[in-house]
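Protein chains: 2
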Amino acid sequence: MTETTLNIAADDPVLGTDFAIEMVRQMRAVDAYGTYDTWSTNKILDPFVLTKPQKREIPVVGDPDEIVMSRVKAFYNAIAALIEKECGLMAVPTINLTHEGFGRALITVGKLVVMDKTLRDVHRFGFPTLSKMKDEADKILSVALEIVGEYPKVAGL
Amino acid sequence: MTETTLNIAADDPVLGTDFAIEMVRQMRAVDAYGTYDTWSTNKILDPFVLTKPQKREIPVVGDPDEIVMSRVKAFYNAIAALIEKECGLMAVPTINLTHEGFGRALITVGKLVVMDKTLRDVHRFGFPTLSKMKDEADKILSVALEIVGEYPKVAGL
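In the order they appear, the protein sequences are chains X and R. For the first sequence, position 8 matches number 8 in this note's numbering, and the numbering has no gaps at all. For the second sequence, position 110 matches number 110 in this note's numbering, and the numbering has no gaps at all.
Read the hints as simulated data drawn from the structure, not as lab findings. Watch out, some of these pointers could steer you wrong.
What the hints assert, rightly or not - With the Cβ distance kept under 8 Å, some of the chain R side facing chain X (calculated, not the full set):
#, residue
1, Thr-94
2, Asn-96
3, Leu-106
4, Lys-111
5, Val-113
6, Ile-147
7, Tyr-151
As the list claims (entries may be wrong) - The following residues of chain X were derived to be distant from chain R, with all beta-carbon distances above 10 Å:
#, residue
8, Trp-39
9, Lys-52
10, Pro-59
11, Asn-96
Idealized CB from N, CA, C, for every residue including glycine.
The following block holds chain X by itself, in its conformation from the complex:
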């Protein structure tokens, strides 16, 4: 893949945010063969961005493969890491897939569920732009921190 076909520009300002840095860290963590060692960060995060035509090419019904699953995990792991960084308490992500890419993603802090999302069409996991991906993560993060702030005792259990 040449640089010109990437969906994320090398100078995209979002790449400098805590979220993107954590996403790259998560992707590198599961990169057992060091494939990403020489890759730029926009290339590493590129599979998370699916343009409309790219999404249209993926069948509506399908089973998610290992690669897509590792991306879904990286996304929620990154959010859990940011929650942990902000509130100082351990945040644990759990992803439970059933059939055909349906499932549930949870993040818990102590005995508190700070995120509970139904997953659908996991085989087509992706965001229109990197910025939209960060918006989604920010939204989850701020709701999670609000819940922790409201029930600090349960989060500390």
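Following the hints, put chain R in place on chain X, whose structure we already have.
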């Protein structure tokens, strides 16, 4: 399999408890071909009981198959159903397996985690007796209800 080789006696008093009745209900729910229709309840629950020699026959390391997984799910589904019955709030079980039968089982009520268990050796899932299985379920149930009682507001979210 003849009746004499079963680990659970047909007149085991535990079979009459709410827990065993719920377990049978859960097993019948996933019995797509009606295999259990003519089975006695002790025969349906028999695979949950593993005697020491039976456990010894199963390799220490192994991947859990679909059948074992359906038993693990039935067990936590039954507990979730009993929690729900007792506290009147929806209890949702989530099971997340990683490799070689390691994983995590969660039950949430609202935004409250009422059970959080690390799973190990899932391929050897089983209890020494039906009574010990019920004890384990009772323990989880009473802890869960205690947590709900302590944080009813979080459980009601």
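Should the interface hint for Thr-94(R) be scored as holding, given a Cβ-Cβ cut-off of 8 Å against chain X? holds (5 Å)
Non-interface claim for Lys-52(X), where every Cβ of chain R lies beyond 10 Å: holds (32 Å)
Does the nearest C-beta of chain X fall within a distance shorter than 8 Å of the C-beta of Ile-147(R)? holds (7 Å)
Run the C-beta distances from Trp-39(X) to all of chain R and say if the shortest one exceeds 10 Å. Label holds. Min Cβ-Cβ 26 Å, cutoff 10 Å.
Against chain X, with CB atoms and a cut of 8 Å, does the hint on Asn-96(R) hold up? holds (5 Å)
Against chain R, does Asn-96(X) hold up as non-interface, every C-beta pair farther apart than 10 Å? Label violated. Min Cβ-Cβ 5 Å, cutoff 10 Å.
Does the interface hint hold: is Leu-106(R) within less than 8 Å of chain X, judged Cβ to Cβ? holds (6 Å)
Pro-59(X) non-interfacial with respect to chain R [C-beta, more than 10 Å]: holds (25 Å)
Just to be careful: measuring from the Cβ of Lys-111(R) to every Cβ in chain X, is the smallest value less than 8 Å? With a closest approach of 4 Å, the Lys-111(R) hint holds.
Does the CB of Tyr-151(R) sit less than 8 Å away from some CB of chain X? holds (6 Å)
Status of the Val-113(R) interface restraint (C-beta, 8 Å, chain X): holds (4 Å)
Hint 11 from the list above is the single one not met by this structure.
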